[in-house]
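From first to last, the protein sequence lines stand for chains A and B. Taking this note's numbering, I'd label the letters of the first sequence as residues 1 to 109. Taking this note's numbering, I'd label the letters of the second sequence as residues 1 to 111.
It cannot be assumed that every hint is accurate.
[Said to hold, decoys possible] Some residues of chain B that are not near chain A, with every Cβ distance over 12 Å (derived):
1) L11
2) S27
3) G28
4) G42
5) F45
6) I46
7) Q48
8) N59
9) S65
10) L81
11) L90
12) E99
13) Q100
14) G105
[Said to hold, decoys possible] Below, simulated DSSO-like cross-link-like pairs (lysine-lysine); rule was C-alpha separation at most 27 Å, straight line:
15) K42/A <-> K58/A
16) K78/A <-> K30/B
17) K57/A <-> K42/A
18) K13/B <-> K42/A
19) K69/A <-> K42/A
20) K59/A <-> K69/A
It is worth saying that the hints were derived from the structure and are not from the lab. Treat the numbers as computed from the prediction; the structure is a model and nothing was measured. Ideal placement from N, C-alpha and C gives every residue a C-beta, glycine not left out.
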Amino acid sequence: ILNVEQSPQSLHVQEGDSTNFTCSFPSSNFYALHWYRWETAKSPEALFVMTLNGDEKKKGRISATLNTKEGYSYLYIKGSQPEDSATYLCAPGDYKLSFGAGTTVTVRA
Amino acid sequence: DAGVTQSPTHLIKTRGQHVTLRCSPISGHKSVSWYQQVLGQGPQFIFQYYEKEERGRGNFPDRFSARQFPNYSSELNVNALLLGDSALYLCASSLDTSEQFFGPGTRLTVL
Chain A
1 ILNVEQSPQS LHVQEGDSTN FTCSFPSSNF YALHWYRWET AKSPEALFVM TLNGDEKKKG
61 RISATLNTKE GYSYLYIKGS QPEDSATYLC APGDYKLSFG AGTTVTVRA
Chain B
1 DAGVTQSPTH LIKTRGQHVT LRCSPISGHK SVSWYQQVLG QGPQFIFQYY EKEERGRGNF
61 PDRFSARQFP NYSSELNVNA LLLGDSALYL CASSLDTSEQ FFGPGTRLTV L
């Protein structure tokens, strides 16, 4: 099980603003990095699986980058909307995912 | 297509009791993983089963056990419940070892 840190723990964003947050993980023996979005009372939703250094993935207004050499990933939300309010979890690993505690995003209308 | 389903949604047990949680994977998925999530922390890996065999186990005591059935559904069993076992238990299914799809979880409260 890997030591994974996500920062900040929480953030509040005005509707329409863009934001980003960080996932840090051990760079050694890297296999893949997973990002999930978890809304209250719902199942965690898979956003991205990233494997290559320099990878950039995009899904609608959400995108992510990966640096495996230094052990971090950024997730970006462009033009935040209230429906983006959720906890965003990152998890490096193969089949044993090691989750961070998440970044909780609250978008204010 | 139905996603991952888990039952029950909630349950309450007392210390020392035993509990069984159930998970049905997405049709066609042969792998099931179990995670425990306590408040304020990310989910922690408990087990993964692939093709009915245990592929990996996290840092959990032997009170935790699981199995996978021929139809790829799975059960998580916890014996001699402790207060600290109170958590949300998540099940995830995957085709192999790649992207995992999660169910809504079972909320276990131990009194």
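Okay, the hints, checked on the actual structure:
1. L11: 17 Å, holds
2. S27: Correct as stated: the minimum Cβ-Cβ distance to chain A is 16 Å, above 12 Å.
3. G28: G28/B is indeed farther than 12 Å from all Cβ atoms of chain A, at 16 Å.
4. G42: For G42/B, whose nearest Cβ neighbour in chain A is about 3 Å away, the distance does not exceed 12 Å, so it is violated.
5. F45: The assertion about F45/B is violated, with a minimum of 5 Å to chain A.
6. I46: 10 Å, violated
7. Q48: 5 Å, violated
8. N59: Its Cβ does come within 12 Å of chain A, the nearest being 6 Å, so this is violated.
9. S65: Holds, because the least Cβ-Cβ distance between S65/B and chain A comes to about 17 Å, which exceeds 12 Å.
10. L81: Non-interface label stands for L81/B: nearest chain A Cβ at 23 Å, farther than 12 Å.
11. L90: 7 Å, violated
12. E99: E99/B is in fact no farther than 12 Å from some Cβ atom of chain A, at 5 Å.
13. Q100: It is violated; Q100/B is separated from chain A by about 7 Å at its closest Cβ, not greater than 12 Å.
14. G105: 7 Å, violated
15. K42/A <-> K58/A: It holds: about 22 Å lies between the C-alpha atoms, which stays within 27 Å.
16. K78/A <-> K30/B: 36 Å, violated
17. K57/A <-> K42/A: At roughly 23 Å apart (the allowed maximum being 27 Å), K42/A and K57/A satisfy the hint.
18. K13/B <-> K42/A: 23 Å, holds
19. K69/A <-> K42/A: This hinted pair is violated, its Cα atoms lying about 34 Å apart.
20. K59/A <-> K69/A: 24 Å, holds
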